[in-house]
Every structure is written in C-alpha cells, then in structure tokens.
Amino acid sequence: MNIELEELAKEFGTERALHPVSLFIPSGALISLLGPSGSGKTTLLRILAGLEFPTSGRVRFDGADATGLSVQDRRAGFVFQHYALFRHMTVFENVAYGLRARPRRERPTEAEIGRRVTRLLDLIQLPDIGARYPNQLSGGQRQRVALARALAIEPRMLLLDEPFGALDARVRKELRQGLREIHDNTGLTTVFVTHDQEEAMELADLVVVMSMGRIEQVGKPAEIRARPATEFVRTFTAV
Amino acid sequence: MSDIVLSRPVPVTTEPPLARALLVGLAILFVAIFLFAPLATVFAEALAQGWRGMIAALSLPDAQAAIRMTLSIAVIAVPLNAVFGIAAAWAIAKFDFRGKAFLITLIDLPFSVSPVVAGLMLVLLFGANSSLGVWLMAHDIRIVFAFPGILLATLFVTFPFVARELIPVMIEQGRTEEEAALTLGASGWRTFFTVTLPNIRWALLYGVLLCNARAMGEFGAVAVVSGKIRGETATMPTMVEMFFNEYLSVAAFTLASVLAMLALLTLLLKSLLEWRHADLLAATCRH
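Order-wise, the sequence lines are chains P and E.
Here the numbering used here = 1-based position in the first sequence + 138.
Here the numbering used here = 1-based position in the second sequence + 269.
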C-alpha cells in the first residue's frame, strides 16, 4: 500500500508541531523518519496511525482519502516506543488481542487464533514464551512480542516509534536485522521513527530527515550522505 | 586501623539488636494501645451480659432497623461512587481539557468540608426553608430526614475515595496501552473493559473498600440530615450514639461490634483476594 501525505499540518493549541509537509511513500518501502526530538517525526507517525488527526492536509492510502479514517479502521500495525504490551495478559493473549477484538463475523475460531499466534511467535523466534507475562521478558523480547502483536492484525502498514530506542547495542543490531527480514518477507510498507542517524542509514531504503516540524530532505541513505540538502542535514547526519 | 575494621565487620544493613528490640517493642506497644485495646473493649463491653445480652440487643427492632438502613445505604452508595470515581479518574488521567485542575480540587472538596457542614448544606438545600424544599414538599417528595437525604449525604462524603485511589495509578500507567488496543482494532468500550479496567482493578478494590468502610461508618453528615428518627432514619453509627446516651451500653456496644465486624470482614475479603491472586499480582505489577 502506498501512502501519500499532502500539505499535512498539526497544531497543539498555539504550538506548531508540523508545518505543512508533503511526502510520498511507495508501496513496500522501508522508510525512516529521522530527526532530533521535537522535529515532528512522532507526530507524523501518529497521524499515519490515526492516533492524532491533522489540523489541515490530507492522508491518502493507495490514492483513497484516509484523513478522517478512525484508528481502528486504518489497520496500521503500531509498535510503541516502550512497547505498551498489556501487562495483565500473557504473551499469547497480547498477540491474540487484535484477532479477538474483531467483530464476531470476522473473528477467527479459537483454534485458528491459536495457530496464528503460534506462527507469529515462531516468526519472532520466541516460540515458547506464550504463557509468560510481559514483565518476565527482557527488553529485546518485549520489542519482538510488540512486533508480533502488531503483525497479528494483518496490517496494511507497519509503523514503529523508536523501535530500538531502549535496547543495548548488541540486541539493537540483532533486531534491526529481524525487522529487515520481516519487512522483506511480508512486503509491508514500513515507517519507523528514529533519532539515530546510523540506524536510519543502515536499515531504511528511504530516509526522511526532519527538523522543527519540517521535512529537510528525502532520499536514499547514500544520496543524503553524498548531497545533504541543507546545513542541518549535513551536521545531523555527520558521523 | 584497617585491621581492626576487617576483624570486626560492622553490619551496615541492620541496627544493633538492642535498638531493633526497642523499635519493634515500641511499634507493638503502639498498635496494642491505639488499635487493639479499643477494639477489644468494644467486644468486651458488648459481651458484658454474656451472649444472651448481645442477642437480646440485636433483636431490638431499633437495632435491626439501623443495621438494615446502613446496609441498604452502603449497597447503593458504594457502586454509584465506584462508577462516578472511575468516570472522574478516567477523564482526569486519560484526557487533557480546560478546568482539569479545578475538577481535581472539586473531587477533594468532600475531604476538606466537615461532614457536619455537608449534612447542613443538604438540609438547607432540600429542607422546608428553601424554595426547592417547598416545591419538593408540595410534590410529596421527601429528601431531608428520609432515605434519599441519607443517601445523598453518604454519596457526598464518600465521593473522593475511589477517584483518589485511581487517579495516581491511571496517570502513572499513561495512555499507551489504550492506544495500542485502539490500533489493534478494539472499540472504546472494549479497550476500557479489557485494558483499562483490568489494569486498575487493585486500586479500584482498595478504593471501594475504603469507600464502603466510610459509607457504613459515616456519622456527622448522616446525623444532621437524617434527623436520627429511631426505627426510621437511624443508621448504625447514629443508633450507637443514641443507645449510649440512654445508658444502654450493651446495646450500644453490640451494635458497635457489628459495625467493627463488618469492617474486619471487608479487610478479610481484601486479604483473601490478594492471597488468591498473589501470582497474578506479582506478575503484573510494574517491574
């Protein structure tokens, strides 16, 4: 599914979080929104998910207007910064949540839910943790469970907010590889937010550099390295 | 000098035995004098004429009417305030709006207002001296010196308990789990019942227990608004006072011990629930 943003702006009271920005995300791309805190990258991601609504501008999914589409109807798999796993549910129930939340007609049978959750836990290479609670998992495991939970709803796109922010360097590398593989296998349009330029450059096909609620540059990592469009991009992406 | 330190290690994590014994002793003494002794006295006085005296006191129509009144008030007031408390805490913790600080202050109001004043307020508002009271009388609706008045007074006095207990917990938990549920396709109600409510259930239980204890034990506001009509509007606490003033000490203390037993029962219930769900409690509290 491709995503098109047209003159999207967001204000919180008198504060401008996002100046009108336009962006085209091709179907199946793995793109990164890169910028320092306060650059508007998380706001942009939350607007894509339907957790915030823009003050003005349009969002289009495959050309169809989705600006007013409710968060439930967007079917965006969202991985939160601190994972936001349901702490009173087992890992199995966390992953099954989206399937159980479907209207009765579309809800899979209990056996089917079990099969799908098992398959997802295999996919994240944690097949035996279904019975555990989130606080019995390591940070890296929680992150992967959050990913499995987001994938369970058969999302139309995958959105990740600082997915590796709270992890140590080794786990981070491993999970980057894992996300790359899942993206390549599912072909989902994937957008992740990060403030780590190395992460963005290494993982993404396309990097969107943001600052102060504006898009500074959009390009392939090599392009951005070779030809930074503004002084900000040059200093921010300097190693 | 370092040799001395090494040969005689000084424990840094615990006090010397004498200090420990002294502190533990003081704590026990305090609990004995201020908690246990008064409670024991209540039961001892109730049993001054043996079980027969106690049973006779309990079969007094006034005592039975008071027990019925207190229980019916609690049965209605506690669920209502649980719902109001959840609604208020939900609004305050999960949404941003103008006047939020004012709403928090308003929730605390019943704590800062003396219960007697609260009762008086209701009498002035609904009593025969106000135009509202006159209108109510003309339509034969009795609020003051009747069940609705006692219920309103109890609702007012016990309003903050559930909300106060829930607000910090809900603020601490933030909104992201709810947001996660929404992105997974859950409706608002489903999110509330499957994510929000399970996460606050322990705080809610404590709030409800505190609310219940106060609802059954409230004296000041109820005394003013009920008019303390025996057999009609007297609740357990007000009936205890009336028995006591009439030198019916066995009856007074018997009723007081029933009240104390109800409180102990709620505590027992709480401990039982915590014990039965100890695993879940350990697994789901943060970190």
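To be clear, the hints were calculated from the coordinates, so they are not data collected in a lab.
Keep in mind that this is a model prediction, so the values were computed, not measured.
Beta carbons: idealized from backbone N, C-alpha and C, even for Gly.
Wrong hints could be hidden among the right ones.
To be verified - Computed from the model, here is a short list of chain E residues facing chain P with C-beta under 8 Å:
{"hint": "1", "residue": "Ala-309"}
{"hint": "2", "residue": "Gln-318"}
{"hint": "3", "residue": "Leu-405"}
{"hint": "4", "residue": "His-408"}
{"hint": "5", "residue": "Pro-437"}
{"hint": "6", "residue": "Glu-441"}
{"hint": "7", "residue": "Glu-446"}
{"hint": "8", "residue": "Thr-452"}
{"hint": "9", "residue": "Gly-454"}
{"hint": "10", "residue": "Ser-456"}
{"hint": "11", "residue": "Arg-459"}
{"hint": "12", "residue": "Pro-467"}
{"hint": "13", "residue": "Ala-472"}
{"hint": "14", "residue": "Leu-542"}
As the list claims (entries may be wrong) - Computed footprint of chain E on chain P, listed as stretches where at least three residues anywhere in the stretch have a Cβ under 8 Å from a Cβ of chain E:
{"hint": "15", "stretch": "276-282"}
{"hint": "16", "stretch": "345-357"}
query: Would the stated hint for Glu-441 of chain E survive a check requiring a Cβ distance to chain P of less than 8 Å?
result: violated, 12 Å
field: Supplied contact hint for Glu-446 of chain E, tested at 8 Å Cβ to chain P
entry: Cβ of Glu-446 of chain E sits 5 Å from chain P, so the hint holds.
task: Let me know if the C-beta of Leu-542 of chain E comes in closer than 8 Å to any C-beta of chain P, holds or violated.
output: Cβ of Leu-542 of chain E sits 15 Å from chain P, so the hint is violated.
- prompt: Should the hint that Thr-452 of chain E touches chain P count as held when the rule is a Cβ pair under 8 Å?
  reply: Check passed: Cβ of Thr-452 of chain E comes within 4 Å of chain P, closer than 8 Å.
task: Verify the interface restraint on His-408 of chain E: the C-beta must sit less than 8 Å from at least one C-beta of chain P.
output: violated, 46 Å
message: Between the stretch 345-357 of chain P and chain E, are there enough contacts, at least three residues with CB-CB distance under 8 Å, for the coverage claim to hold?
response: As far as the stretch 345-357 of chain P goes, the hint is violated, because 0 residues have Cβ atoms under 8 Å from chain E.
- prompt: Is the hint on Pro-467 of chain E kept, meaning its closest Cβ partner in chain P is under 8 Å away?
  reply: Given a least distance of 5 Å, the restraint on Pro-467 of chain E holds.
message: Please check whether Gly-454 of chain E passes as an interface residue: C-beta within 8 Å of a C-beta belonging to chain P.
response: With a minimum Cβ separation of about 5 Å from chain P (threshold 8 Å), the hint on Gly-454 of chain E holds.
- prompt: Per the coverage rule (Cβ-Cβ under 8 Å, at least three residues), is the stretch 276-282 of chain P covered by chain E?
  reply: violated (count 0)
field: Hint validity - Ser-456 of chain E Cβ closer than 8 Å to any chain P Cβ
entry: OK, holds: Ser-456 of chain E within 8 Å of chain P, min 7 Å.
message: Please check whether Leu-405 of chain E passes as an interface residue: C-beta within 8 Å of a C-beta belonging to chain P.
response: violated, 45 Å
query: Is the interface hint for Pro-437 of chain E satisfied, with its Cβ closer than 8 Å to some Cβ of chain P?
result: Violated. Min distance 17 Å.
The earlier numbered hints that this structure contradicts are 1, 2, 3, 4, 5, 6, 13, 14, 15, 16.
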